[in-house]
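Novice: Here is what each chain is made of, one letter per residue.
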Amino acid sequence: MNSTQQLGLKVIKPGIFSLLQDSGRFGLHSIGLTTGGPLDSQSFRWANRLCHNSEHCAAIEITIGGLVLEAQIDCIIALTGADIPMTINQQPASLWQSHIIKAGDRIELGFAKSGMRGYLAVAGGYNAEPSFDSISTVPREGLGGLHQDGKPLQAGDQLGCKDVPPYCITTLRLPPAQRPELPRKTAKLRVVLGYQQEAFSNLQKQLFFSTEYRITESSDRMGYRLQGAAIKPAIDGILSEGICLGAIQVPADGQPILLLRDRQTIGGYPKLGALLSLDIGTLAQLMPGDTVSFEAISIEQAHNLLHLAERNFRNIVLEQSIDVRVDNQPQLLQLSQQIEDLLVSRNPRGMQTLQAALSPGYFLRAAELILQSRGTILIGTGFPVDDTFETDGPLGAFALYAALEKLGAKPVLVCGAPLADSISGDYRVHKLVVASPATREREAQQALDLHKPSLVISIERPGLTADNIYCNMRGEDISDRCASFDHFLNLASCPTIGIGDGGNEIGMGNLIDSLAELNIEPSITCCDELLVADVSNWAAHGLIALIGAMRGEDMLREWDNLEVLRYLSQRGSVDGVSRQNTLTEDSLESEISEQLILALRKISGFC
Amino acid sequence: MSTQQPFSIRIAGENSLIVYFGDQPSAEIATQVAQTADNLKLSMQGLLIDLVPSYASLLVIYNSLVTDHYHVRRCIHTAAAAAQTDDGQNTETGKLVSLPVYYSTESGPDLQSLADRAGLSIEDVTRIHQQTEYRVYAIGFAPGFAYLGEVDQRIAAPRLATPRQKVPRGAVAIADRQTAVYPAQSPGGWNLIGLCPQAMFDPNAEPSMPVQVGDRVRFESIGRDEFLSLGGQL
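Chains as they are written, first to last, in this note's numbering: chain A, 1 to 607; chain B, 1 to 234.
Treat the hints with care, since some could be wrong.
Here are some of the chain A residues that sit facing chain B, going by a computed Cβ distance under 8 Å [what the hints assert, rightly or not]:
(1) Gly32
(2) Gly110
(3) Tyr195
(4) Leu239
(5) Gly273
(6) Ala274
(7) Leu306
(8) Pro437
(9) Glu441
Examples of chain B residues lying across from chain A (beta carbon under 10 Å, computed) [what the hints assert, rightly or not]:
(10) Gly13
(11) Lys41
(12) Leu42
(13) Leu47
(14) Ile49
(15) Val52
(16) Tyr55
(17) Val60
(18) Ile61
(19) Asn63
(20) Phe141
(21) Tyr147
(22) Ala184
Just so you know, these hints were derived from the structure itself, not from any lab. Predicted, not measured: the structure shown is a model, and the values here were computed from it. Beta carbons: idealized from backbone N, C-alpha and C, even for Gly.
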């Protein structure tokens, strides 16, 4: 189906200037294409995160306001950025939190009371045919947008988006204290000196850094033109050269121009340096007539600030609440807790201790993350035992893989040798290699860039300890034969789920204090939602049972546990406890797992 | 032997370094820029966000969450040093692209005035324009706009005092010692001397541009009929 005809949100009024923007168009400066993308990237990221989206998903950048949409399907939305009043069916709806929208609902945006640009995201992102790998609208280039012609949204446009099933019940909210502060008429912007900065005398620099510049009317997504003290470099022009984001260009009249997301890729005016990207979002919320001033920082300070901001963004915990318009939530939460209890009832490795430290409903929250993701889902698994791998992990990963395919997602298993090679004929596999600690992050980033996942799941994958090594349950250092999956979760720009049954797996970092009570070298790697079970594989079955209950489908019915154990055994698997090539999981016969699966199906109402 | 151009690296912004290979454009420098860019694409996989090659510089934009400017400087040193060694072996770098042009006063409204100003005939101007093998020095201004240099001094011409509101797609133009083919209709102040029927930028084609920085370009005169048969529009 043509994406322009897909059901979703219909534009009743486009507002003053509303553009579809994803994170931008990259790697194409060499043919003269600019990046595009959101001018206030922090607010954009928040809008996506509030919808459980990867930060690459497209959102609508609304300048000033006036956008009116009508929902044709059920979906989840969130508005962030400028203080633009929003109503859903004439009822005021808060910014900085997600809202469940029903088909027929009308979403109306007023005009910004403070700030300049808002971001409206929808769970799963808006669908549009990308141009050069991106949906970002660049009017100047006639590229991107809903119709790939660089045009802003028009009345009658139909923004295709994902139908969110009615069982989605929790909404997310960014606590007020964590929201980026909107500038009030003025802002101080941080600058890394660079380019031709030496051509500006100390006097000229002092003038620049002591002047309060006014933002002029001719300011747009390409650049903000300023008016104030003219500064003059000792040179007139330069050979045209590449312009980075935030570059401060000084043309012949001495009035600086701050170059933004739609900037020209090359230019021949001298430049003093570039803004700290974190401050571009602040600038984007200022209007013509407002003022800015500048302060210089070193590139090292900039680097530290960027890392700090990234860490803060990831560490902020969103508040969850139950949407009042949904009525089946209590039953689902109850089922989730039943599953959570059942899965730790044998308690061979003290998982009941960890369960007590988790906020109940973790299976439900993880199930929602799965149901709301689309596209590629990475599933890391495989715990090395001697020269091979154990049955716990891969079996659960296969079960998730099959369930995710049924949901229309594209799962990819991420594992090391020899597991990766032995299953690559039957599954999509991304092979991990045992790399030196220094290159682990880079390899994870490359893989994330390649797959652009909407969700990353780790099931029974060793996690780094505080000493930056990998240990098995016996406390032996297995770093020299253990590939690293940790940074897939650390660097992912999408939600992450960790599953474990001992304390040394990826995700257990969430419970670092409780792990002190267990006799284990704990992993410090964290995840968004941690699931624990007596056997990690069982958590996969529990998750599938719950998703099935939410969809009204008996998704575990066709699962043949023994058959999958045979498949793994033929490929050299061993039991993680006994280290023997047997048809068992953590020394438990397949029959035990089969009984558990039956119990899961029963409590979710299927047999 | 080619001259080994020294290069310098400067900070551009929080996640960008700019490499300067000289202060005048030349074929050698264009080659060096292009080869350094190619080398960095390979050696900085997973770290690189974008590259902007231009006349005598290369802007390197990296992911500052996974690397830092010290590491990127080392990558640049290695990549640029390898490029210098390479161009000693081969001066005929970059592919040679031939572009057809319908030169006429009908397709090039500034051809007559440019010829008059140069004290040459129209035939002389178009012959001289075809004699040079140009280098793609930079791409920018608009998607697919390739700056070609250098135009023979005899037919160099300053920009128009008043830029046109609409320069047609495919317009072949001269400004100072640079020449270019407009990839799409846009405003512009260059002197128009003909029309090229070949698309210089097509988002749906692979590659979307027939040339890249460092390539070489020759223009070849075609007649009106051939121009039209190649899909050109007047």
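Novice: All hints, please: hold or fail.
Specialist: Here is how each hint holds up against the structure:
1. Gly32: holds, 5 Å
2. Gly110: This interface hint is violated because 35 Å lies over the 8 Å limit.
3. Tyr195: holds, 5 Å
4. Leu239: holds, 4 Å
5. Gly273: holds, 7 Å
6. Ala274: holds, 3 Å
7. Leu306: holds, 6 Å
8. Pro437: violated, 14 Å
9. Glu441: Interface hint status for A:Glu441: holds (6 Å vs cutoff 8 Å).
10. Gly13: holds, 3 Å
11. Lys41: holds, 9 Å
12. Leu42: violated, 13 Å
13. Leu47: holds, 7 Å
14. Ile49: holds, 6 Å
15. Val52: With Cβ-Cβ at 3 Å, under 10 Å, it holds.
16. Tyr55: It holds, given that the least Cβ distance between B:Tyr55 and chain A is near 4 Å, below 10 Å.
17. Val60: This hint holds: B:Val60 lies near chain A, its Cβ roughly 9 Å from the closest one there, short of 10 Å.
18. Ile61: Holds, about 6 Å.
19. Asn63: With Cβ-Cβ at 7 Å, under 10 Å, it holds.
20. Phe141: holds, 7 Å
21. Tyr147: Holds - the Cβ of B:Tyr147 comes within 10 Å of chain A, reaching about 8 Å at its closest.
22. Ala184: holds, 8 Å
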